[in-house]
Structures are given as structure tokens and as C-alpha cells.
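Grab the two chains, each in its own frame, and use the hints to assemble them into the complex.
Chain by chain, the residues:
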Amino acid sequence: MRPGFRHTAAPVLFLLLFSLLTAAVVAYAENKEVKKTPAPAAAAANDMAPETATLDSLKKLYGPVEFTHKAHTGYAGDCAVCHHHSQPGEYFPCSQCHSGKPIKTAKDRLPGLKAAYHQQCMNCHKTSGSGPTGCTDCHEKLKQPAADKKGAQPTTNATPKKTEQ
Amino acid sequence: MAVSRREFLKLMAGAGAAGAAVAAGAPTRAEAHDFTGNPDRYGVLCDTSLCIGCRSCEGACNVANNLPKPVDKAQAFENLKVLDTKRRMDHAHFTVVNKFAKAETGRAETFVKQQCMHCDEPACFAACLAKAFTKTPEGPVVYASDHCIGCRYCMQACPFYVPTYEYQDAFTPRVRKCTMCYDRVKAGGIPACVETCPQEALIFGKRDDLLKIARRRLDAENSGYVDHIFGEKEVGGTCWMYISKVPFDKLAFHTEVGIEALPRLTYGYLATIPVLHVGLPVLLAGFYVITRGIGKASKDEEAHK
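For the protein sequence lines, the chains are U and F, in the order given. First residue of the first sequence? That's 97 in this note's numbering, and the numbers climb one at a time after it. First residue of the second sequence? That's 174 in this note's numbering, and the numbers climb one at a time after it.
Calculated directly from the structure, the hints in this document are not laboratory data. Keep in mind that the hints are not guaranteed to be accurate.
What the hints assert, rightly or not - Label-pair ranges, simulated between beta-carbon atoms:
id, chain 1, residue 1, chain 2, residue 2, range
1, F, Ala247, U, Ser182, 44 to 50 Å
2, U, Ser182, F, Lys406, 37 to 43 Å
3, U, Gln183, F, Ala281, 30 to 36 Å
4, F, Asp381, U, Gln192, 38 to 44 Å
5, F, Lys406, U, Glu186, 29 to 35 Å
6, U, Gln183, F, Ala249, 41 to 47 Å
7, U, Gln183, F, Lys254, 41 to 47 Å
8, U, Ser182, F, Leu438, 51 to 57 Å
9, F, Gln329, U, Glu186, 56 to 62 Å
10, F, Ala274, U, Ser182, 44 to 50 Å
Unchecked claim - With the Cβ distance kept under 8 Å, some of the chain F side facing chain U (calculated, not the full set):
id, residue
11, Gln372
12, Ile376
13, Phe377
For each residue, glycine too, the CB sits at the ideal point set by N, CA and C.
Next up, chain F with everything else stripped away, as it sits in the complex (with noise of 0.2 Å):
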């Protein structure tokens, strides 16, 4: 079909129009660099230089998250016999203490609190496909299983092997980890674990605040601290540090992970999707919608003459 020039021009104005349409929806990849988080966020300080391995917490969390109840003596929050092993995390435990002997630390017998480290750019948020996580203002990464699909996605992409699953619920089963107690800090309390801990291991508060205890503690002389606070930086940040007398690569932290935040390894890609995939295609199917008329209307000139 012939087409005449001011129809033309006024198809790619339009064209023009949608394409920018769509890079304008695109999101930068400098808003990714900008990052910040909420400045007023809260999160944990734990000190493994004062735990003391009595498993009060893993008691606090089990109540407070209304998880399975221990049916015997061996599973009791009491048995301190179960440090003995390596544990961690599963659908009944969203958090575990480990004990680390003398002769594994190389200096004095430590206990570790594992649980979810609530990243400032988690990785399970970014892996999920149907926005089951939530990076709450307040800090905590929460889950809610109404959007989940089971695909596990979250449970590869952390970097700390936190998300456990209920594999043995065969119809609604749920992705399971700490929450940090969402429900009780936004109502002003503290998570279960910190209120309970005999020894004031845990420090419930602002982000910025625990940075500055923790610094104190790190530079006061002769204090024996390891100069480093693991969550600081790591993968861009978490809200659950750490701070210790004996080197984390003792007490089997991961301390590979390095700190670029781990969506940020796969946001480039993603960012091109909508232009690239979608914007593009649409783009070019209009040029060709419009342009195959032209060559179309002369090859018909020449059959005719």
C-alpha cells in the first residue's frame, strides 16, 4: 500500500514516542548505585565473644514463632548436648547455635547464632519470581507465602543458605526463615532472641547505632577483637552483623561473599528486558508494518508496465 509522506512522518513520530515511552520506564542502572536503604532501619549486633551456648534463643524463637514443640528430653532447648554437632537451620529452626571448640577456633571455645542475616539488597528478594519477599523499611526481610510458588529460587540465590523449605507439607508447604520478629518491632518491641539472652550477645537497634557499639568495642584497647564486622559490608550490607575475638573463617562464616550486593550481579541483564525484548521488537515490527508498503507498490509499477 502506498503511503504518503505526512503519513508517514506522523507513524514515526509515534513510534518515536513509544519507544521513549518504554526507555523512560526502564529503570537506570544509576538508581541501582544509589542505594542507600531506609537510614532508620534496625537491625542485630550479635557478639559471639559472650555467648554462652545456652540456647535460650533458639527456646525465645520457638515460642514467639509458635514453631513445633520439642516432644522429647533430646530436642529440649535445654539439652545443651546437641552442640556437640553442627546443625543448622530447617522448617521447625529459623535459627541455630553452633559450637565451636578450642581446638577448631585455635583460641577459646565459641558459640555462633546462625539465622537469617536480612541483607540490605537481598539476594532472595531479587531471585524471587512472584514478589513472595519483602524488604521492609523497618529492616527485616520478610516472606509471605500468599504470592509464593514454590520454586525455590530464593533458597539458591542466598549467599548464606538461610531459606529452608517445608518439604514434608505436600500442599501448602512454605518457604521458612527468621523475620526478625517483624510483627513485634513494628509493634516497638524487640525480636524474641535479643529480649531473652542472658548475656546481652544480641543488641536490638538502629543500624547506624550498632555500627558505632561495635566500633567502640573493635578499638577499645586491648579488647581482643577480630578488626572487622561481618555484615558491614558484606554483599552490600546487612541489618544482622557480627562481631568476635577469633578470625570468622574459624567459625564458619561465609566469608567469600564478598560485598557487591548479589542482585546487582544480575540487574544489568534484567534492566535491558523491557527495551531490549520488548521495546525493540515492537519498534522494529512498526518500521516493518509501515516500510513493507514502499517496495511493494513499485514491484507492482514494473509488473504493470
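Isolated chain U (complex conformation) (with noise of 0.2 Å):
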């Protein structure tokens, strides 16, 4: 080897695998970014609705559900679309008011929280052609009892939290 190599070598390469590392560094950050932009519209409301919801509360035939909240709230643009018939700034979870037992009586004005979890959903999901109508798109089919169900604990908090302005 020429004198003087190693000592003008091991910079130059030092210099080029960090220009890669920095590039790829930049790249993946930029991609990232690209992603995770939120519809303008619900930009502000966006940053307080929690990532996704996990909705088990009736857990007999079905697995629960993934509900992939912060999702939606780009799609219904307004919160009051999906939270209905409550003040602005009130962010209820759907039980709140569907108390989970079905109209039995000419009393009984509200359907049951199984209905308005499937009604609320597919009517928009019908109507604007878009989003999953099947049953096994939103929760699996359990083959075993509920108590004997093996796969994924649910990993974030069950529903959103109330807010206030």
C-alpha cells in the first residue's frame, strides 16, 4: 500500500456510510410524516380522539372489535356525526346511553348498545359504499366459547375518554 492510504481511507469511508445512514434516516422520517397526515378538516378534534378502540362489550359469538377510531374521525369529518344527540364539546362512549338491553316496550326508545354499535356503522358504511358490511370484516367468528379464547389481550383503553373544551 501507498503510504499516507490508511490515514485518508478510513475517513472517507467513515464520511460516506454516515451520508447513507443519514439519508436513509431522512427518507424514513419523511415517509413516515407523509402517512400520518390527518384530513384538514378534523385536524384540531383529530388530536384528542384516541388512536383506536377496542369494543368487546358483547363478547358471546364474536372476538371484539378494533375499531380504528382516529381513522374515522377523517371519514365523518365531525365528531357529532358518530356522537349524536349530546352537547358539543360531550364525546360519550356509545353505552353512555344504549344502556345494552333492546326496546321491548313502547317505553323503551332506544335500541340496545348491539344495535346502535350496528346500526350507527353499517348505515354509513352502506350508504356511502365504502367500509365493511360483513360480519367476520369487523370481528372473527369464535370457534370456542368466550372464556376459552386464546389471541390478542386488548391493548389500548376500551373507549374515548370524555373531553371538554
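Have a look at this one:
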């Protein structure tokens, strides 16, 4: 080897590696940013809304639903579209009003929780023409009773928190 | 034979009493018209605008009634391709859901669940020779195979073409139809299909309450419902009723059945049978027996002269 080579090769190699690494990191970061941008209209409310919600109150026949809450704030545009019949700024979970029991007498005005979920989700999916409409599109059918079910445990908080403005 | 005046009057009184007894036994036409049914009877309201055609009701019915399980994927209740053809109930399916596409309805795609209507005055019950059907006070019309003779008059009589038959069973065939889960209802529960429906398109409750609920939905502003509750008055009223946002004739409902309860078509004639075909012959035979001796006695006297 020519004398002096060792002194120049190492820093050159180091610089090359460093620039490659930097480029990779920048590219990755840019990519991630693009995916993250929400619909402009819901940008403000989006910050308050939880990422996902696990809807598992009715466990017997089907597994829980991993509801992509944040994505839906974009689809709906306004929180009140789904969190209906309440004051602005009040974002109750569905179960707060829809007690769970189905309509049985003329005094009952609200559908039960199961119907509230399905009617709210399915009506929009049907009219907009997009969104899952099949049963197992949203929740897997349990092959065994709920007690023996193996698989993912809910990782996020079950219901969106009530926020105040 | 000669009959004394006293004996003749006794016989006439006896015959008159017998005739009165027969006439009192025959139910009068007025009773049929006054039929209102048990006011606390239950029913089911089906809101076709909520049904999404998931067939969970068919699956629940299959389990609740121990019907033959689906053998393959094509028969499984998750298979929604079957909705592309119109189906009818059969011995293994007490209820079916049929799809009516946008082109057929002229409005939205609609799904309609079909099953026994549990009429207040059922034609099957009236047509049955062997009293195999019962209109229970709770509302459901139930069939018991113990009395059935297999004549299938019920199948001919039903205006909704509901009862089906186990033709494939040679020795113990039964008539099969929805029971509104009578056992569960009697024990304080609700029918399996109603319980399982994810959309609450089916509501179980007192028939009077269901009419109020239906009326409320129909009267709500801009609700879009057709202003008619199918089953409120049809064939004298049924316990299973429907509301819809699509005209009923577009959904293959039997809108031609009218509001007259079908048993009343034949009740007038059937009510006269005890009087006309039993009481009257007995009475007239009695007259003949009593009076045949009168002419004979005078003829004998003539002959002897």
C-alpha cells in the first residue's frame, strides 16, 4: 500500500457510511410523516381522539372489534356525526346512553348497545358504499366459547375518554 | 199405533227441549265477530329498513329448533351468496331472508325475513280436522304432531304459504313451521332470531306496544316509511308485523290477502252443521216416529169397515 493511504481511506469510508445512514433516516422520517397527515377538517379534533378503541362489551359469539377511531374522525369530519344527541364537546361512549337492553316496550326509545353499534356503523358503510359490511369483516367468529379464546388481548384503553373544551 | 193426546204433548215437549239444547250448543255468529284475542299477547315487529341480510336469524333459528346443521360452506349461514336467489321455507328452515335489489324495489336494497305470521285467527287452525294447531294466549300459533293426520289442509289454507311438510319422512312426517320459540317465550325469554339480530330489526314485545312503536316510527318526520303496518289488520291481524321504507308489493308481500279473517269465510256454514245436519234430522225423525201411527189407525178402521 502507498504510504498515507490509511490516513485517508478511513475518514472517507466513515463519511460515506455516515451520509448513507443520514439519507436513510431522513427518507424514513419523511415517509412516516406523509402517512400521518389527517384530513384537514378534523385536524384539530383529531388530536383529542384516541387512536383505536376496542369494542368488546358483547363477547359471546364474536371476538372484539379493533375500531380505528382516529381514521373514522377523518371519514366523519365532525365528532357529532357519531357522538350524536349530545352537547358540543361531549363525546360519550355509546354505552353511556345505549344501556345494552334491546327495545321491548313502547316506553323504550333507544336501541340496545349491540344495535346501536351495528346501526351506526352499517348505515354509513352502506350509504357511502365503502367500509366493511360483512360480519367477519369486523370481528372474527369465535370457534370456542369466549372463556377459552386465545389471541390478542386489548392493548388500548377500551373507550374514548370524555373530553372538555 | 194410537197415541193419546197426553202422550203426544209429552213427546212434543221432549223434542222441543232436545231442539233447544242443540241450538244452544251451536255457537252463534255474534261470538265470532266479537273475537279480540288476548290483549296481552306478544308479537314481533320486523323493520325491513334495518335488516342487513346477515342471516344471523336463520342461524339462531337452526340452533334453537335443533334443525339439521349445514353440511358444507355453501349451506352455511355465513354464505350470503344464497341471497341472490329467492328462497322459501322448508322442513329444515323455519325462516329465510330474501334480498330485493335496488332494481326490484325502485329504492334501496332491502332484505325481508319470512316466517309464520302467527295470525290472530289462523286459517291453519281453522282448517285442521284434527286440532293439531293451537292459538296460544301468549300469541304464537303452535303445532303438535300428536293429533296430526297428515292431510295438509293447513298448507292449503295458509294465505302466506307458510307450513311445510316432511315429505322425505315416510313414517312420521310432521308439518313444520316457525313457533315463535314458544318454549322460550313461555319461560320469559324472547325468540332466538330476535335475540340474535345485530341491528334490532326484530323487536319482541306485547302486540299493542309494537303497534305503538311502529306508529311512532311511521309518524316521525321524514322517516321515509310506507304508511302501513303489514299485519296490523291483514287477515284479521297477525302477531308478526312489518314496517318498510319500500312499498310492500315490491317486496313480494302477500298484499292481496285482505283484512277479513279467513276462518270467518267458512264459519257461517260450519256453524249451521250441528243444527242443520244433526238437530234437524233428529227432530224430523222424531216427528215421523210420533205421527206415523196416526194415519195408520184410521186406515185400519177403514179396512175393517
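Run through the hints listed earlier and report the numbers of any the structure violates, in increasing order. Hints 4, 5, 10 not satisfied by this model.
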